[in-house]
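Q: Take a look at the letters that make up each chain.
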Amino acid sequence: MNAIDKPAGHGQDGTGEAPLLSVRSVSKFYGTRIGCQEVTFDLWPGEVLAIVGESGSGKTTLLNCISTRLPPSAGTVNYRVRTGEMRELYRMSEAERRLLMRTDWGFVHQNPADGLRMTVSAGANVGERLMAVGDRHYGHIRDTAIDWLGRVEIGEDRVDDQPRAFSGGMRQRLQIARNLVTGPRLVFMDEPTGGLDVSVQARLLDLLRGLVADLGLAAIVVTHDLAVARLLSHRMMVMKEGRVVETGLTDRVLDDPQAPYTQLLVSSILQV
Amino acid sequence: MPTPLVVSDVAKTFTMHLRDGIRLNVVEHVSFSLKAGSCAVLGGPSGSGKSSILKMLYGNYGADTGQIIVNHRGRLIDITRATPRGMLAIRRETIGYVSQFLRAVPRVPAIDVAAEPLVARGLDVERARQRAAGLLDRLNLPERLWHLPPATFSGGEQQRVNIARGFITDHPVLLLDEPTASLDAANRDVVIAMIAEKKEQGVALLGIFHDADVREAVADTVIDVTAFTPRSATA
Amino acid sequence: MNATAGAIATYNFAYLDEQTKRMIRRAILKGIAIPGYQVPFASREMPMPYGWGTGGVQVTASILGPDDTLKVIDQGADDTTNAISIRKFFQKTAGVATTTRTGDATVIQTRHRIPETPLKSGQVLVYQVPIPEPLRFLEPRETETRKMHALEEYGLMHVKLYEDIARNGHIATTYAYPVKVEGRYVMDPSPTPKFDNPKMHMSPALQLFGAGREKRIYAIPPFTRVVSLDFEDHPFTVQDFGRPCALCGAEHVYLDEVILDDAGGRMFICSDTDHCEERREAGHAGEMLAGEAAQ
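Which chain is which? The protein sequence lines are A, B and C, in order.
Just so we're aligned: the first sequence equals residues 1 to 272 in the UniProt record's numbering.
Just so we're aligned: the second sequence equals residues 1 to 235 in the UniProt record's numbering.
Just so we're aligned: the third sequence equals residues 1 to 295 in the UniProt record's numbering.
Source of the hints: derived by calculation from the structure; they are not laboratory data.
Where hints are given, some of them may not hold.
Some chain A residues judged to face chain B by a derived CB distance under 8 Å, without partners named [stated by the list, open to error]:
no. : residue
1   : T40
2   : W44
3   : P45
4   : E47
5   : E85
6   : R87
7   : D206
8   : G248
9   : L249
10  : D256
11  : Q258
12  : L264
If you want the ones that stay clear, here's a sample from chain C, every Cβ over 10 Å from chain A, calculated [to be verified]:
no. : residue
13  : E45
14  : G95
15  : H234
16  : T237
Computed far set for chain A versus chain B, every beta-carbon distance over 12 Å [unchecked claim]:
no. : residue
17  : E17
18  : D42
19  : L70
20  : Y90
21  : M92
22  : M118
23  : E156
24  : V159
25  : G195
26  : Q201
27  : A202
28  : R203
29  : R235
30  : R252
Since this is a predicted model, take the numbers as computed values, not measurements.
C-beta: ideal position from N, C-alpha, C; glycine also.
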């Protein structure tokens, strides 16, 4: 977190591993209005970061800035590409960025219709990324799609159905399979359980938790739901009015919140 | 005897921003150390801050001042200043924790809940499950429950899953937050035996035990938490 | 009113004004320079409705010279309404010679077929194109499809073929079958049957494509690689009709089904009428003609 504030070698991770993503002083202004301001953090391989805050707190703006969907007004985002080289995302060519987005990254939208092709079959939805990176063997693409549908608990018999015929929870699981099929190292999720029934949410969260752990994915999850953050994330960042008001280990932030706003958020959760 | 963990001059205050910034001084000048192969027990009435101390050692609560130095992979690291990632590494390898309640994850079977810390350290899933099965068996958890998620278990059953999960690794430091609270006498004895084994293996333990019998049976030293009660109670 | 040699004096040669022709020729040249790339152009109103070949007509009008010989086909036939009216249009506005013989034509405007007679160097084949964008089926945004072409992101084309196989067990696309041109641009070959796709590959003739409503021109220069997209385990194949033409006996040509009566009688004949006539003139006879001769 504070790697740049500390003298080199004094990071207390004890691992010496390099971060996967380095975000430095990222700000986004809409005219005079602040989207997000001066956000700095590192993300390591296999680490899940939750960005929490209320609507309008800037968390989605920040997610879009980091995921190259919205150029920031200031600041830099560096990503360690598969060759091990650290690349500044907004200095890469558009072709490189788009390749990164459909191979090494995933993006799970709140509304599955934004991340799926609703008029092609589930199998083709999952297979698209494979075809995009040059897989030209129908049988292999189909087998891989069926395997991934199974991993998100969608039966093989649904492989030729269009997502239009799927329930909300199934669509979301399909979207996840579609993103993970190329073995990405970093997945962005924007309110992945938003708009789902509570029981459906629990199943999805549990599935996500398992996949993230099994695949060693790094993930940035934007959510306003602290329960989602607790279940999925290692680390949390609390945002208010475009600024980060508190960060830390997820259970530390939730159990011993320091910032007034975090205390308000935590105390607002309904206990069940 | 090696000293894997040293607490020096730690203080903890809760600032209640929602209540006009009232400051609750929980503990101050907390200083003690844990020795390998020995079990220390935090003593004192409820509300004296025992649980807060345990949570600070696990990085679950922040500390206002002082240092909590742990020997992690041969390096001395101050938990009060550790990065989240560093703290997770310490939890994975150096400091184990048996909490009072199991935070049950939906749909994960009991045996996998217990095996998870080993899997997180890279052990093969099947071998981790075998170890977990051995512990659950020893704690007399009926085998028919092993493959069910613990969310619907009774308090005592959940507690045993939790203990298995906490004891399955060979962490050099183990924190115990009333692990025997909801257990019957037979299972309490099992836990006492397990604690004794940990001591033999050179683990440094720190626990909170409300049950006087258990405390008597396991404690090598008692740390009187009332000594850390702040003299000035408000700010 | 001083009408000259067959052309209507009040119209410019071949209907379009010279400025427009220059604009279209520039688009054509750009298309030839970047094989398979869709060049936008300022499509004009033509005296026929969209869907009747306004794109092809504008391309033909821009490349036609007084010495050219024009052939117009629609679904392989020279004698259908569309073909006849376009042929007459250029007879009136350009006064050029017209023919039905593939070998005699210098410019052939076509809808839905490539002639069976192999094209020669110096010939130009002009296709009428309704929807030039092969990615449109799955990606409605023009900004996005342009970007996909620019960055060679063609995975989506295979999604379409995948869907075909998933639904039908084989690639069921039989016309407008996507091709990759010179290893770069994926192109819609207009609604020609996939049977004709192999004829585009390394053709000695220049192939020009005009889409009037969509305002796009693209081209395949002579001797350009044109490869139909497919999967390794579902390779591209052309239709096989399993029988010769009932009139001329030609094999391995594209056949049309003709219903003969209301009792299930039917025959299959060449879709390319000129090819069929030439063969019959040369003495070839299919089973239908052989039957008549016997009677």
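Q: Now tell me, hint by hint, if it's right for this structure.
A: How the hints compare with the structure:
1. The interface hint given for T40 (chain A) is broken, as the beta carbon of that residue sits about 14 Å from the closest beta carbon of chain B, more than 8 Å.
2. A least Cβ separation of about 6 Å between W44 (chain A) and chain B falls short of the 8 Å threshold, and the interface hint therefore holds.
3. Look at P45 (chain A): its Cβ only gets to about 11 Å from chain B, farther than 8 Å, so that hint breaks.
4. Proximity of E47 (chain A) to chain B holds as hinted, the smallest CB-CB distance being about 7 Å (cut-off 8 Å).
5. Because the beta carbon of E85 (chain A) sits about 22 Å from the nearest beta carbon in chain B, more than 8 Å, this interface hint is broken.
6. Taking 8 Å as the C-beta contact cut-off toward chain B, the hint placing R87 (chain A) at the interface is violated, the least distance being around 22 Å.
7. Satisfaction of the interface hint for D206 (chain A) is found here, the shortest Cβ-Cβ separation to chain B being roughly 5 Å, below the 8 Å cut-off.
8. A distance limit of 8 Å between C-beta atoms decides the matter here; for G248 (chain A) the minimum to chain B is near 6 Å, and the interface restraint holds.
9. A distance limit of 8 Å between C-beta atoms decides the matter here; for L249 (chain A) the minimum to chain B is near 4 Å, and the interface restraint holds.
10. Annotation: interface hint on D256 (chain A) holds; nearest CB of chain B at approximately 4 Å, less than 8 Å.
11. Annotation: Q258 (chain A) was flagged as interfacial toward chain B, and the flag holds, the nearest CB pair being 7 Å apart, inside 8 Å.
12. A cut of 8 Å between beta carbons decides the hint on L264 (chain A): the least distance to chain B is about 6 Å, and the hint holds.
13. Here E45 (chain C) stays apart from chain A, with its beta-carbon at least about 34 Å from theirs, past the 10 Å limit.
14. The claim that G95 (chain C) lies off the interface holds: its Cβ sits roughly 49 Å from the closest Cβ of chain A, which is beyond the 10 Å cut-off.
15. Look at H234 (chain C): its CB is around 5 Å from the nearest CB on chain A, not clear of 10 Å, so calling it non-interface is violated.
16. The Cβ of T237 (chain C) sits about 14 Å from the closest Cβ of chain A, beyond the 10 Å cut-off, so the non-interface label holds.
17. Distance check for E17 (chain A) against chain B: the nearest CB is about 9 Å away, which does not clear 12 Å, and the non-interface claim fails.
18. The beta carbon of D42 (chain A) sits about 9 Å from the closest Cβ of chain B, which is not more than 12 Å, so the claim that it is off the interface is violated.
19. Every CB of chain B is more than 12 Å from the CB of L70 (chain A) (nearest about 26 Å), matching its label as outside the interface.
20. Remark: the non-interface label on Y90 (chain A) is consistent with the geometry, its nearest Cβ contact in chain B lying 26 Å away (cut-off 12 Å).
21. The claim that M92 (chain A) lies off the interface holds: its Cβ sits roughly 26 Å from the closest Cβ of chain B, which is beyond the 12 Å cut-off.
22. At roughly 29 Å, the least C-beta separation between M118 (chain A) and chain B is larger than 12 Å, which holds for a residue marked as non-interface.
23. The Cβ of E156 (chain A) sits about 21 Å from the closest Cβ of chain B, beyond the 12 Å cut-off, so the non-interface label holds.
24. Non-interface call for V159 (chain A) relative to chain B: holds, since the shortest CB-CB distance, roughly 24 Å, exceeds 12 Å.
25. Interface exclusion of G195 (chain A) from chain B stands, the closest Cβ pair being 19 Å apart, more than 12 Å.
26. The non-interface label for Q201 (chain A) is inconsistent with chain B: the shortest C-beta to C-beta separation is roughly 10 Å, within 12 Å.
27. Residue placement check: A202 (chain A) does not keep its beta carbon more than 12 Å from all beta carbons of chain B (closest about 5 Å).
28. With a closest Cβ-Cβ approach of about 7 Å to chain B, R203 (chain A) is found to fall inside the 12 Å limit, against its non-interface label.
29. For R235 (chain A), the condition that its CB be more than 12 Å from all CB atoms of chain B is violated, with the nearest at approximately 4 Å.
30. Some Cβ of chain B comes within 12 Å of the Cβ of R252 (chain A); the nearest lies about 6 Å off, and the non-interface call is violated.
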